[in-house]
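2 protein chains.
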Amino acid sequence: MTQREAALAGKITPAMKRAAKQESLEPEVIRQGLAKGSLALPCNRRHQGLKAIAIGSGVRVKINANLGTSPHDVSLEKELGKLAAALEYGADAVMDLSTGGPLDLIRAKLLADCPVPFGTVPIYQVMVEASSLEEVKPDWFLDMVAHQAKQGVDFVTVHCGVTRAALPLLKKRVTGVVSRGGSFLTAWMRCHGRENPLFEQYDRLLEIARQYDLTLSLGDGLRPGCLADATDRAQMHELKILGDLTRRAWAKGVQVMVEGPGHLPLHVIRKNVRLQQRYCDHAPFYVLGPLVTDVASGYDHIAGAIGGALAAWLGASFLCYVTPAEHLKLPEIEDVIEGVIASKIAAHAADIARGLPGAAEWDLSMSKARRALDWETQIRLSIAPRKAKHYRETSQAKDDQCTMCGRFCAMKLFDNKFDNL
Amino acid sequence: MTQREAALAGKITPAMKRAAKQESLEPEVIRQGLAKGSLALPCNRRHQGLKAIAIGSGVRVKINANLGTSPHDVSLEKELGKLAAALEYGADAVMDLSTGGPLDLIRAKLLADCPVPFGTVPIYQVMVEASSLEEVKPDWFLDMVAHQAKQGVDFVTVHCGVTRAALPLLKKRVTGVVSRGGSFLTAWMRCHGRENPLFEQYDRLLEIARQYDLTLSLGDGLRPGCLADATDRAQMHELKILGDLTRRAWAKGVQVMVEGPGHLPLHVIRKNVRLQQRYCDHAPFYVLGPLVTDVASGYDHIAGAIGGALAAWLGASFLCYVTPAEHLKLPEIEDVIEGVIASKIAAHAADIARGLPGAAEWDLSMSKARRALDWETQIRLSIAPRKAKHYRETSQAKDDQCTMCGRFCAMKLFDNKFDNL
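From first to last, the protein sequence lines stand for chains A and B.
Residues in the first sequence are numbered from 4 upward in steps of one, following my numbering.
Residues in the second sequence are numbered from 4 upward in steps of one, following my numbering.
Calculated from the structure, these hints are not laboratory results.
These numbers were taken from a predicted model, which means no experiment stands behind them.
Treat the hints loosely; a few may be bogus.
[What the hints assert, rightly or not] Once the Cα atoms are required to be at most 30 Å apart in a straight line, the calculated DSSO-like pairs of lysine-lysine come out as:
hint, chain 1, residue 1, chain 2, residue 2
1, A, Lys-274, B, Lys-274
2, B, Lys-390, A, Lys-390
3, A, Lys-112, A, Lys-81
4, B, Lys-112, B, Lys-153
5, A, Lys-390, B, Lys-81
6, A, Lys-81, B, Lys-392
[Claimed, not checked] Reference excerpt, derived from the structure (chain B facing chain A, CB under 10 Å, subset only):
hint, residue
7, Leu-136
8, Val-180
9, Asp-297
10, Val-298
11, Ile-344
12, Ala-353
13, Asp-366
14, Ser-370
15, Lys-371
16, Arg-373
17, Gln-381
18, Ser-385
19, Ala-387
20, Ser-398
21, Phe-411
22, Met-414
Even for Gly, the Cβ is constructed at its ideal location relative to N, Cα and C.
Next comes chain A alone, as it looks inside the complex (with noise of 0.2 Å):
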């Protein structure tokens, strides 16, 4: 039984236990959200130590971090490190995306690593091993998805909805596709004249998926990769199609989320959930960024920050981080450090917009130690401990005041408690 339908049969599971305890929430919450469909619990049965969590409406906004070797740059050791990183500084789920070395192997050792949900986008894999784009065959795609299930990846971003009907709506854009996954399949159904296998033998990927609880992140293989293509014809098109395989998959008892841009402006973010919601029918929408402008390289983080605050306030569930590498190279380890912090302001700051119960608790904590002068818990109360202190240590502040005002403390005048200024 997968999450899903143990849910839908009225079950409460460990795992919706566990959930339910991270938010502070009882479990039947957790359940009726998985049977509805506006949560998701990515949790493969043989992802062994996972800590599950719930990404979806009424909880915490999640973030997920992106690792992975490149064929440049290939070092399990590197990698590992991230994803220490990564954890360290607070991601709600990772994923591999690796295309460089013996991916299978890199996959194994993440993964035992990794507590929290680990994802995957199958198809990478398929493109590093072959040698041509022809002799790549349909079943290869849906092979390789449940080869990664049964490693015990929890979830994975399958580009069900990019179809041949959609190839003539790219034609006007100015950046085309920008996704690897969604491009190498166009190139693919170009190149061998049929359709996206994953979208044509959708039933057998649900058996798949259903088989290993694997949770299916249906990726927006057409997503625009600058504002100028957004909440256009073809994005617009997928996300239908995402709508009509988000009901399939929950009519077979598998676990859905949905993937969205990308790059957006800010004002028609808005739009854009409120067009997931009502195709997808609110099923968790995991956002790539968004990023509110093109001109962010080498600062791209904070472009995502931006869009992802706004986007999750509105309703997105999931964001994936954006590195301040983004557009250029991957990331390193500072750089993974610098996008999960840059996630985890703007998930934060959705949470205390949506109003989630305790979300802005933390942030009374962080204002009175702030009041009291009280340096050490606002250093431990800080989104980067590590670096609020190293500002602090480097001010040449003494006692309770902070170079930042010196003698001109506000909290110090306010108080009345100076005798001679």
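With chain A fixed as given, assemble chain B onto it according to the hints.
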């Protein structure tokens, strides 16, 4: 004649022409905005070499970078370095908030090097030069404004709206008064049992401002210092007074901006912007952040970029940057750079969302370069070319590849350029 008086008399000044050119607008549009009060054009007639810019509705969102010494850290060289960095990275205005060292000299040196509008908070110098609160005479506050205006300062933060009537409203606050000027004034009022001189002698202040065409930035001395205090009675009490003071300034031909929070949860930013517009008749709104969470110490520039982007999209016109050092220490040059870039991203995202003509063209050019795998142009068009270049150079990428996707580049796959994967 002040710029406002000229505008009301139907005259177009060289400063209006220059500001218009920078926005690709007709000078008449600037003149009308100045006459209406929806635009400010801070430009002290004594500021040599100033390149005037317009701040307000219908023009690009502007950003301000704060500089300045503290008693712990006095180095003119360092402040000049911060100024140069702020200008290099695109600050539209700067404020010298120095509280350490020879303040007049530091201000004169910075002003001489500053081609953008230059602001100060004159009350800081009153605080620094006073040996006790008791000895501070009411006239000192206004005399100091006159003194700095004479030096050529273009705009000053004056906390005219902090009045005795607000004091009882502050009792229940979590963080009390967090504005240094605001807390000094409340302390002064309590110590002397008198009304705020900047409020009581506002007509004299307007005369000083009119004489130099000094733009008044009506400070929010009672701004919330944490989410829990946001939009409370004290803040609203002050904002209403600032609305009255705005109209009184306009009636005397004086230019005005109105300052705003501070700390605001995402979901109350809209309300705050709307209230400012209503109470202050659409005078340019100058916000500090706003920070959408209290817990981002070490990363407050990101919390501020999220809030600033949303506030500016909804109508704020001027974003005071927040640096990663906020709440911990004075910013170093690297912090200034990070703060300016984060604010620039927020301002640009808002320009796009506001539909400012031409704003999205930058993004379109970037995306075309991205599509063409033209790395040189991408780096040149990045918000921070130096960092983008560094990432590109350390990526070990060859030719037109990037190491993010390597041979699995979506752009190339989509083009079907590959022969063999």
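Results for each hint:
1. Only pairs whose Cα atoms come within 30 Å are accepted, and A/Lys-274 paired with B/Lys-274 is accepted, the gap being roughly 20 Å.
2. Simply put, B/Lys-390 and A/Lys-390 have alpha-carbon atoms about 20 Å apart, close enough for the 30 Å limit, and the pair holds.
3. Distance check on the hinted pair: A/Lys-112 and A/Lys-81 sit about 12 Å apart at the alpha-carbon level, within 30 Å; holds.
4. Distance restraint check for B/Lys-112 and B/Lys-153: the Cα-Cα separation of roughly 14 Å lies within the 30 Å cut-off, and the hinted pair is therefore satisfied.
5. The suggested pairing of A/Lys-390 with B/Lys-81 holds, with an alpha-carbon distance near 22 Å, which does not exceed 30 Å.
6. Our distance criterion of 30 Å between C-alpha atoms is met by A/Lys-81 and B/Lys-392, whose separation comes to about 23 Å.
7. About 6 Å separates the beta-carbon of B/Leu-136 from the nearest beta-carbon of chain A, less than 10 Å, and the hint is met.
8. The beta carbon of B/Val-180 comes within 4 Å of a beta carbon in chain A, closer than 10 Å, and the hint placing it at the interface holds.
9. Interface restraint check: B/Asp-297 against chain A, minimum CB-CB distance 4 Å, threshold 10 Å, status holds.
10. Interface hint at B/Val-298: satisfied, since its Cβ lies 5 Å from the closest Cβ of chain A, which is below the 10 Å cut-off.
11. Interface restraint check: B/Ile-344 against chain A, minimum CB-CB distance 6 Å, threshold 10 Å, status holds.
12. Taking 10 Å as the C-beta cut-off, the interface hint given for B/Ala-353 holds, the closest approach to chain A being about 7 Å.
13. For B/Asp-366, the interface hint holds, the least distance from its beta-carbon to any beta-carbon of chain A being 4 Å, beneath 10 Å.
14. Here the hint on B/Ser-370 is kept, as its CB sits about 3 Å from the closest CB of chain A, short of 10 Å.
15. A least Cβ separation of about 6 Å between B/Lys-371 and chain A falls short of the 10 Å threshold, and the interface hint therefore holds.
16. Restraint check, B/Arg-373 versus chain A: the minimum CB separation of about 6 Å is within 10 Å; hint holds.
17. Interface restraint check: B/Gln-381 against chain A, minimum CB-CB distance 6 Å, threshold 10 Å, status holds.
18. Using the Cβ-Cβ criterion of 10 Å, the hint placing B/Ser-385 at the interface with chain A is satisfied: the shortest such distance is roughly 4 Å.
19. The criterion of a C-beta within 10 Å of any C-beta in chain A is met by B/Ala-387, whose closest approach is roughly 5 Å, and the hint holds.
20. Look at B/Ser-398: its Cβ gets to within about 3 Å of chain A, closer than 10 Å, so that hint holds up.
21. With a cut of 10 Å, the hint placing B/Phe-411 at the interface with chain A holds, because the nearest CB-to-CB distance is about 5 Å.
22. A hinted interface residue such as B/Met-414 counts as satisfied when its beta carbon comes closer than 10 Å to some beta carbon of chain A; here the least separation is about 7 Å, so the hint holds.
The structure shown violates none of the earlier numbered hints.
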